[in-house]
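Engineer: Read off the chains here:
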Amino acid sequence: MRKTIRLAALALASAMTLAAGTVSADKLKVGFIYIGPPGDHGWTYAHDQGRLMIDNMLGDHVETTFVEGVPEGPDAERAIAKLAETGHKLIFTTSFGYMEPTLKVAKRFPDVKFEHATGYKQADNVATYSARFYEGRYVQGQIAAKISKSGIIGYIASFPIPEVVRGINAFMLGAQSINPDMKVKVVWVYTWFDPPKEADAAKVLMDQGADIITQHTDSTAALQAAAERGIYAFGQASDMIQFAQDTQLTAILDNWGPYYVKRTVDVLMGAWSSGDTWHGMGPGMVGMAPYTNMPSDIAMMARATAESIRTGAFHPFTGPIYNQAGELVVKAGEVAADFPMLATMNFYVQGVDDKLPE
Amino acid sequence: MTELIIASIMTMMTAATPLVFAATGELVCEKSGVLNLGVEGMMLIGAVFGFAATAITGNAVLGLAAGGACGLAAALIFAVLTLTLLSNQVATGLALTIFGTGLSALVGLDYVGDTIDQIRRVHIPVLGDLPVVGRLLFGHDPLVYLGIAMLALTGWFLARTRWGMILRAVGDSDISAHAIGYPVIAIRYGAVAFGGAMAGLGGAYLSLVYTPLWAENMTAGRGWIALALVVFANWRPGRVLLGAVLFGGITILQLNAQAAGLGIPAAFMSMLPYIATIVVLVFISRDAIRIRLNAPACLGRPFRADR
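Which chain is which? The protein sequence lines are A and P, in order.
In this text, residue positions in the first sequence follow this note's numbering: the first is 1, and each later residue adds one.
In this text, residue positions in the second sequence follow this note's numbering: the first is 1001, and each later residue adds one.
Bound-form chain P, shown alone (with noise of 0.2 Å):
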């Protein structure tokens, strides 16, 4: 029992990756007052082109970096289109998702049925020895680790730093951080930027270490999860890998009880993870000064100077 536990729990931190990694970007892109739609499309750039780096150069390092590179592009469009050009930030998400999705598959032509050198899991000598706490602390493949990391990063920066108090303070009033003098417009930049690196980093996961493969739309959903799970953790880091976990446990529980047969309808069981978000966040919604205290203000308003 403690052995499936155990498995459970690794798998569940796999299945967690992608999303923490989409989501860190996403938090710090709305921190600074920009609402990104986009994450599903940005993460299927960067799973395809991450997929592409590898198969070309044999080294899946370089595709990783990649991925990171075609998302972080993906979303400077986007930027472009919102901050520069001042089109709604809604539609233009939406826009770069349906573009993604097609821009991915497009490429991704070439690359169905190929297949890479998974990246492995790394075995530390004697602490990944330990009896339990051995593989459940140091037995996850590198960008497990990574994904934590980046989001203690980003919760430090945006507590602790001072150009993370300014982060805030653009997505909690534009007007006034202008005032001020800070320039708004490239921290946004700056900000959707580190959102579409983090999100292609997601996919790029997805493709080079979840399954050695590409397919069309394989983040099946993955990238709207979230951004559901940014608004779902009110804005707070910790609770995004609370979440992240929450829904990579809730995918991989519902397999596991399948394959348990306990004789719960499979096709309930597949619901599973995406009812556990509406509740969740109807559960959430509820509060509506907390929700105020964390969100910023001027989430998915334009900026304009002159103002």
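Only chain A is shown next, with the shape it has when bound in the complex (with noise of 0.2 Å):
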């Protein structure tokens, strides 16, 4: 008798663990890895708007989890390696610096789906993708060539990788395509995000003459020091006229919401393969803020221009293009390459007054 309750109880329990793990198995967990904080109200705060978005569009199916300030390098690869381990099924590493931490992690992980942002080396299992930004800097560019009194540029810069390198030329040939004798002067911080020396480059920018501030950084600090001082500036990856209202020109917006969704339903569909993406303004992936304090006649000229890139009629980087040692690498009419030209942008053009670190 009491063996019978006991074997009944038995199956009766484990019947019931098994009805709960296929209950919670069904949710689909997908971990975000950040280099900041979401507060950043920049680079980290837009992935965390796309984190949102498959939130609210799939939270019936799909569980969000996060890890913010993680720094590049050997953290990184705990980071990961530990939302791998806890059941995550796809895991998106939001910075350039994750690029080996996720290669080694996910050779661990196989059946873990991984993509990473902003990088450039794939494996089965390993995605990249990233936002064309460069399009938007030619529309500030233009912008900084019209406003700025001064034709001098102060471009706070983080780490000299093609992506930023990239940046700096886009902004360059749409400030030149207004006034060829535009300058610009680049400050390498050597960092996504530290308030305090963004503002210190602001400032040092600005006391040698710079009347436009612009940033690869991910903080909101340059532009307040810059607002403080009445100069102009662009926000950087999402919209930040709630820390300039009367400073800040357009912000590019990185809209990762779409594509997250995408991948994430791919995921769960079983439709999922690697690759890279590299969407700019024509696929929604990069917006522009709206166009504040300047005339209607520039806000209209960054419009069309805008306009012209979404449609894909203008390419920024469309030739000629010199570089700073004065050869041609575009011809006349021609585009750059995506690969490998833009890829691995690791030259400056013609105009930047600046020797690219190694």
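FYI, nobody ran anything at the bench for these hints, they're computed from the structure.
Just so it is clear, the structure is predicted and the values come from calculations on it, not from any experiment.
Every residue gets a Cβ at the ideal spot worked out from N, C-alpha and C, and that includes glycine.
Hints may be right or wrong, so weigh each one.
Example chain P residues on the side facing chain A (calculated, C-beta under 7 Å, incomplete) [to be verified]:
#1 Leu1213
#2 Ala1259
#3 Ser1270
#4 Pro1273
Which chain A residues face chain P? A few, computed with CB under 10 Å, are given here [stated by the list, open to error]:
#5 Trp188
#6 Asp200
#7 Asp207
#8 Ala221
#9 Glu228
Dock chain one against chain two, each of which comes alone in its own frame, and use the hints as you go.
Structural biologist: Take a look at the structure:
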């Protein structure tokens, strides 16, 4: 009798655990690794908005987690591996420096899918994705050339990787299309997110005569430092207008949501495959914040340029393009190729007065 | 060119101010014989609580006061552990740094991305409009002046007042001071508390004036630089100011050199402030006698009244 009851209890318990297990296994776990805090109101904020779009649209089937402030390097490998070990089947690593750690962890967990932002190495279970931010930089360059009185742009750059160099080049090409004598001063701060350092860099650039500040770092500090002196600046990765009501001209908006939702659905349907996605304004991955604090004719010009880029009628890297040494690298009328030129860009265009760090 | 020099000096002074505050506090603390390595932690605590207070009340002065008060509180924890419970000062100081870093990150989670109204520069009507001197002497924000004033006050206190002499006596020979009848532990408590308040103010300056933002670990090693400064300055207030301006200057200088396109590798320029600290420290450490003259003889040694 007792043996029967015990067996029955055991059977019931295992049936319940199995049922419970099946119910929780229904929800796909998607993980995110962030380089900074979602509160940076810049790069990481934009990725987090993408994550929230997944929550909103697929909340019944998907559960998202994020780890913020993960430094690039050995710590990253641990953080990514932790997500993979705890049942996450799709992991987004949202910074260039996570490239090697992502690949290493991907080898250990072949059934987990990885999406690495702004990288260039893929694997069977590692896809890469990026946005053509340079399209926005071109528009910004044009605006800067129209608005700047001193003809000097202050550029706060982070690390000398192709993405950042592309941004500087696109910005300058846009500025030079309006004013061929435009100058740019570049300060390399070697960080993605360090508000005091970014503020220092902005102040120094302004001291040296720049009257437009733009950045490839993630916080609002530079914009605010510029606003304190009444200097116009561009926001980065998200609309930062609330931090500089009177001086933000526009910002490049990163719109990751639709791509994130699509990839999550791919995994849910079992249709995910590796590859590289590089979308710009056309597919809506890059947008521009409202054009503020500028005369309406400049705003209209900017809108027109953005529209022509969006429809594909114009490509920012259309020749003739000369490098710093004066050599022609893109012929007149031709467009720079995605690979290898754009993806591995490691030279400045003519007119940039800076030496590219190794 | 003059415009650039003036502007650079202005920026240099703001870069030096957190160091001035933190180093002034640490100077008094070390002069009394207590080695508080927790400056970085206290600065971060001051930064986050100062920012939080300003975000909540909307009053930046209140925020500064809150930053100083919380730095003081953190220093008191250190004081209880090292002065009453006689724990090792070096280890406790390091623990305070780690604690401060972690606590500030935790408290700061709610405030990342918030912004507040910066404390602006005050414009003095006639004096501020003078051609070159106007901006250089009268154009800074109020806290730059406060920092220099605190440093001057500290120098005067240590050198010219009776209690300053007693504090130095406690730092040089705690046993003798105790024998004469001075309350060694109480004096050290006061010195440590002052050190904490100054470090907290320095940190609050970063998050309220320097950039009206909070970011994890925003002091980025300034606390350690301040510590090194006190030694570099041979425990003399005038030199502390010189050192702070020098290090603030080098930081700004390297950014200026980059922006000016001087062609020196940016990675090397980033190292410069830290290399300068090491080089100067090595240089001044050569004169052992001068150091012995100025260094508090009982630095780092716990005091037990029954010895």
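Engineer: Does each hint fit the structure? Answer for all of them.
Structural biologist: The hints, checked one at a time:
{"no.": "1", "hint": "Leu1213", "result": "holds (5 Å)"}
{"no.": "2", "hint": "Ala1259", "result": "holds (4 Å)"}
{"no.": "3", "hint": "Ser1270", "result": "holds (6 Å)"}
{"no.": "4", "hint": "Pro1273", "result": "violated (11 Å)"}
{"no.": "5", "hint": "Trp188", "result": "holds (4 Å)"}
{"no.": "6", "hint": "Asp200", "result": "holds (6 Å)"}
{"no.": "7", "hint": "Asp207", "result": "holds (4 Å)"}
{"no.": "8", "hint": "Ala221", "result": "holds (4 Å)"}
{"no.": "9", "hint": "Glu228", "result": "holds (7 Å)"}
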